[in-house]
Every structure is written in structure tokens, then in C-alpha cells.
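Protein chains in written order, with my numbering: chain A, -12 to 357; chain B, -12 to 357.
FYI, nobody ran anything at the bench for these hints, they're computed from the structure. There's no promise every hint is true.
The list cannot tell twin chains apart, which means a pair is met if one copy fits it or any two copies do.
Simulated pairs of lysine-lysine, PhoX-like, Cα-Cα distance not exceeding 25 Å [unchecked claim]:
#1 223 / 8
#2 147 / 351
#3 108 / 147
#4 159 / 147
#5 218 / 108
#6 108 / 221
#7 351 / 133
#8 166 / 108
#9 336 / 261
#10 60 / 159
#11 28 / 282
#12 308 / 28
Protein chains: 2
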Amino acid sequence: MPTDEFIVTPWHVEGEIDYDKLIKRFGTEKISKQLLTRIEKLTGDLHFMLRRGIFFSHRDLNAVLNEYEKGNKFFLYTGRGPSGHTHIGHLVPWVFAKWLQDKFGTNMYFQLTDDEKFFSKQNLSLEETKQFAFENALDFIALGFKPENTKIIIDTENIKTLYPIAAQVAKKINFSNTKAVFGFSNDTNIGMIFYTALQSAPCFIEDRPVLIPLGVDQDPHFRLTRDVAPKIGKQKPALIHNIMIPALQGPGGKMSASDDNGTVYTTDPPEVVKKKINKYAFSGGQPDIEEHRKKGGNPDIDVSYQYLRIFFEPDDNKLKKIYDDYKSGKMLTGELKAILIEKINGFLKIHQEKREKARNQLSKFLLENS
Amino acid sequence: MPTDEFIVTPWHVEGEIDYDKLIKRFGTEKISKQLLTRIEKLTGDLHFMLRRGIFFSHRDLNAVLNEYEKGNKFFLYTGRGPSGHTHIGHLVPWVFAKWLQDKFGTNMYFQLTDDEKFFSKQNLSLEETKQFAFENALDFIALGFKPENTKIIIDTENIKTLYPIAAQVAKKINFSNTKAVFGFSNDTNIGMIFYTALQSAPCFIEDRPVLIPLGVDQDPHFRLTRDVAPKIGKQKPALIHNIMIPALQGPGGKMSASDDNGTVYTTDPPEVVKKKINKYAFSGGQPDIEEHRKKGGNPDIDVSYQYLRIFFEPDDNKLKKIYDDYKSGKMLTGELKAILIEKINGFLKIHQEKREKARNQLSKFLLENS
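Bound conformation, chain A alone (with noise of 0.2 Å):
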């Protein structure tokens, strides 16, 4: 891999991500201000991540629209492998779908993909990751979607309403296809092969169109559903993309819920998360006092803004304030990330106490299969 480029696929992402090259790459869509003035019509306001390009590129969003305009709504779909507890990088495409359900009043479907994630780590049992699926269902639901329109499909579970669609689907991918897509070789094993069908289903679980929020890592697997979708007669999933969530330690990789001190878990009690900001989380500052003062530090590349600015600070002066602040060097880095480890400890207290009131409201929201 030469020093400039980079790695983004469903299952591994290195290097630091040129998006726009990224765009070009996947042959994705860029959000136009244009597009952004449309959702803004029709809903009322732009979520942050939206007007600070958190979300940043799509796929047939416009033809959605125009669909929803004619009175033709569409569903969401989202989800997650649980390889892990839920971290903070997890936590940004449900934010935004809550938001689209809440703007759209639309019905939403989130899939843990624990057979994917027991397919693809060698040392996770698939007892563990349905635990996990169970554990991480409970972040999802903390976050106030309601029983009524929103459904979690865990694939293990689900697998007898998921696999006759799943089906239609594999029989029309062949090796080669993923091949391409997904880079897989000879060795890699028939469940992770076979997967992408799985991960494909609840695209077509109702008769209407679709629309995905999700990490850009994860588009791959929907290029070959859209291939397939006209050859069963259903019709192509849009998508739209957010950024990788930088881990702590930096830019330059996504945010891993395998690597302890690279992440802050949902679950973190406060000296935890205090600990990681200060001890791992990576600065754009100087060397030291004086020269931070001096020169001041780089925001852009610092990840405790970096966090502000994608998901704990949603007011844009407040953060336009911090940014400013921090890069003529009136802000030091400690007290940049005192702000942070308070937005963040702010945000999981409340947050893992809905967590725990989720344990009695999770069989509401689980689908049942058919």
C-alpha cells in the first residue's frame, strides 16, 4: 500500500481515507448543497451531521425522495456486527436514522450480524456474538426508537424470514462477484462468502424502497445488491454514507470495538472514559504550553474535536468557538478534552440508564419471524 492510499472494506479499513477519492472509488454520490437544500424542505432543519458532511456521500438518495414526495414512503434499514460492546463510533448512523424516522415517520430495521462477525473473528464462538447482539440491541434501543415502526432483526434468530430472501439473492452473486467486491480469495471460508446475502435481505423485507444509513466501510456489500436487486425485480437500496470514526489513537483507521484502549465503549463508567480522552485520545497540539500558545493546534487532525465535531457538540457555534479557540492556541489540549470527557460522560450517563430500562422493552422490538 503506498503511503497515500488507503484500505476500506466491510471488514478491514486502514490508511487515512481521502473521501473524495473514496467517492470516486466506490462510484458513489457526493451530498450536493442542492441535495442538502432539498432534505432541509422537507424536514424542517439539517442534522448536524448532515450540514457538517458527517454524512457525506450516497447512492439514489434523490430517487428516494422523489418517491416520498409522491406520497411513496420508504423504510430504514441499519445495523451492526456485534464483535463487541457497542462503542461511540457505533452510536452515529442510529443517531442519524432516528432522526430520519422521527423526520420521514418511517418503519426502521436494524440487523446484528453475529453469524458474520462468528465468520469472520477466528476467537469469537457464535454464543458470544449473539450475546453481543443482545447487549449492543440495547444501545440501539436506549437511543428512543419506538416498538411500533422500528424492528431488530438478530440474523441467528431471524434467519427463517431472512434466508428465503437471502436466497434469491445468492443464487444471482457468484464467487467472482466477491471476489471483486470484497477481495476474497480461495481461503476465505463459505459463511463469510455466503454472508452478504444475509446482509442484503432486510433490503427487500417490505415491498417498498429503502434507504441505509451507514458507515461507507459497509457499502461493498450493498454495490452487489443493487446489482442483483433488478435481477429479482425489486428495486435498488439507497444509501447514505458517514466518515469512519477515527479511533483514539488517530486518524488513519476506524474506530475498532476490538481494541480496549482505541475506543470508548457505551458502557465505560466516567474515570474510564476520562482516562482514555487523556491518556489516548490524539492531539493536534504542540509539544508544549509555550509553543501551543505560539503556534496554536490543529483541530482538523485532533480527535477530541473531531468528536465534537461528529457527534457531542451539535451546536455549531459552540463548536465553531472550540475550533477557532483551539487552533489560535488561546485552547490548550487539556481543555479540550475536559470538554469532551464531560460532553461524553454527560451523554452516557443518561444513555446507559436507558440502556438498562432497554432490558425490559427488548422483546418488543425483536422481530418475529414469519
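Given the structure of chain A, go ahead and fit chain B onto it with the hints provided.
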């Protein structure tokens, strides 16, 4: 393919099979006289399909019998790919399985692979293969299995039970393995690639040894299963193989459920059976009666005789008389065919009655999902 060569895979059988060569090619063991004696000791008699070498090959049958003698029961598993109506060739391993069940007092699982036939047949929908699965199940039940210790598995219906087991298997099989065993290529659809894991799953549905009576063309699936079993802490399945049942038009292919004229279906009325045998059953006789009386016929290539040997004439003395009379020229082809037609129609009359009664028993046989 050289003229003396043959192909045997789960999806394609071609050429005249040399079963001794096939045993070497597949790496199975011929059923020896000693093994037959051992079985007879345990069961009190020897099924004619064993006496006549219709079941000719095995894997680890001795090991299963060793365990049985120690008091550790095995269970039975066989199945059918529901691509059409049941033909009489399909009944061979089922009838034999029924005998094994009676003699050894075992549980029995019967898998109907509606997904496999959907994946492998371009022109069949999943609705169609599932419909055939329910139809084929009636033929199975009609043979007299007891619902208390017999369960029918339909892949798409029982996927919730099968998939977690299949996933354990799938994680240990890579694309290279399926290429080597099935001859899959980059063009093979990912449903087919994964499918073998689902055919493995019933091997591990009970935590005890399994014995699988099956057509030898299905052996490759279980070669993979046997490789995987110790890797997932399970026992290797034991197998007992029957020869391929020739199509009406003659040896050099298995009876195919998709060729109407080459096949006697269990649903055929008597006049259709009569017409098919008279018109299509490959004859080992001479071109005219005079020559036949002089030179005699060849029962070893005569399909009508083979059907009597394989299925319809359990009495060895009667069969020998037919063999001798046909070979000497005393019996004409028309007479031999008349015997077979009477035998088939006698069998089908009772079978079709039982088959209709089976509709009401079906629900008692269907495996419930765990």
C-alpha cells in the same frame, strides 16, 4: 471425458460407473463379506439390498457398529433434493433406512433440501422446490416410518435449527475445499457454495454417532463434513452408499427426476407405468424373437431386470429364475417387462394409498424449530 470414464458428483452423474474404480476415487471402503456377516449377526437377517450389493460401499460402518455393540446407539439421516416428484430410484435409500431403523431401533432424520434445488436449478423457484419438498415428504412417510422417532427437515422451514450448526461447519470450509470436492468455479453462485454446510448440519443434530444411507453421488458432501467434524469437536458421520439407479433408457446415468420419460414417478398411474416401461426401458434382449431364443438376453444391462434386482423382487430365488430364463432366451423382453410392470403397479397401488393418507400425518413428522 474418455469413453471408459465417468463423472459422479451430487449434481451430475455421467457415463457407465465402475463402482470398484469409484471406491478408489472417493476413498471409501467396499462392503466386505465379513461386514455383511457382522450386520446379519446383529439384525437377524440381511436386507436384499445388502445381499445384492445395491449398498456396496461405506465409510466407518464398523466404527458405528462397535459403538452400537457397546450400547451407544447411532441415529440415521438421509434426504432428498426436491426438484420434482419422487421417482422409484429415490426410494432405495429410504426403504433401506426404514429397515435399519427397525433393526437398530434408531431415530431418523430426513432432510428435504429445497434451497439446494433452488440454487442448482436455473428454472425452479423456491416456492416450487418447497412445494415439491412437501410432496416428496408424503412418499417418505408412506414407507411406514414412525413419527415418534422420525423427523422431516425442510431446509427453509427448519433453517433456524440448521443454520447455527451449519455456521460451525461453514467456518471450517473454504472456497478451495469446495472447488476440490465439487469442482466449483468462480461462476458458482454463493448459495451453492454455502449449501454443503446445510447438508452437513443434520449430522450433528443429535450428540451421538450418525449413519447415513445415501446414493454414492452424495458422498462428496460428507467427505467435507468428515474433515470438519473433529475441528468442531464432533464425531465423523458414517456412510453406507447405494449404487446409482439407472434411468429407463439404460445404464450410464442416474434416474433423473427432471426427465419425464426416463423416470417412473411414485405418482404415475398404472397405464403410464406400463407405457414407460414398454416404450423406454432399455432392453438387454436380441433384435428379434428368433435370435433372442437362440442367443438369449443380457440381464446385466437390461433395465427391467435391474429394477427387479434393485427394488421390486426381494425374493432371491424368483430373481435368479428370471435371470436364468432371460439369459437362456426362454424369457422374452416383453415377458420380463410384463413382470416388472406388474411389480411396480402392485407396489404403487399400495404406496399411492399410503401417500394420500400421509397428508394427514405430515404435521406429526415435521421437525419443530428449536
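Results for each hint:
In the homo-oligomer, the alpha carbons of residue 223 and residue 8 lie at most 25 Å apart inside one protomer (24 Å), although the nearest pairing across protomers, at 51 Å, exceeds that limit. In this assembly of identical chains, the alpha carbons of residue 147 and residue 351 lie at most 25 Å apart whether taken from the same copy (19 Å) or from different copies (20 Å). Taking the shortest alpha-carbon separations for residue 108 and residue 147, both the intra-copy value of 24 Å and the inter-copy value of 22 Å come in at or below 25 Å. Proximity of residue 159 to residue 147 under the C-alpha cut-off of 25 Å is found in both arrangements, the shortest distances being 20 Å within a copy and 23 Å between copies.
Taking identical chains as interchangeable, the C-alpha atoms of residue 218 and residue 108 lie at most 25 Å apart only when they sit on different chains, with a minimum of 16 Å there against 32 Å within one chain. For a Cα distance limit of 25 Å, the shortest separation of residue 108 from residue 221 across copies, 21 Å, qualifies, whereas the shortest one inside one copy, 32 Å, does not. Taking the shortest alpha-carbon separations for residue 351 and residue 133, only the intra-copy value of 10 Å comes in at or below 25 Å, while the best inter-copy value is 39 Å. Taking identical chains as interchangeable, the C-alpha atoms of residue 166 and residue 108 lie at most 25 Å apart whether they share a chain (19 Å) or sit on different chains (23 Å).
Proximity of residue 336 and residue 261 under a CA criterion of 25 Å is satisfied intra-copy only: 13 Å inside one chain copy versus 81 Å between copies. In this assembly of identical chains, residue 60 and residue 159 lie within 25 Å of each other by CA distance neither inside one copy nor across copies; the values are 27 Å within and 43 Å between. When the C-alpha separation of residue 28 and residue 282 is checked against a cutoff of 25 Å, the pair qualifies neither within a copy, at 42 Å, nor between copies, at 94 Å. In the homo-oligomer, the alpha carbons of residue 308 and residue 28 never lie at most 25 Å apart, since the shortest distance is 28 Å inside one protomer and 91 Å across protomers.
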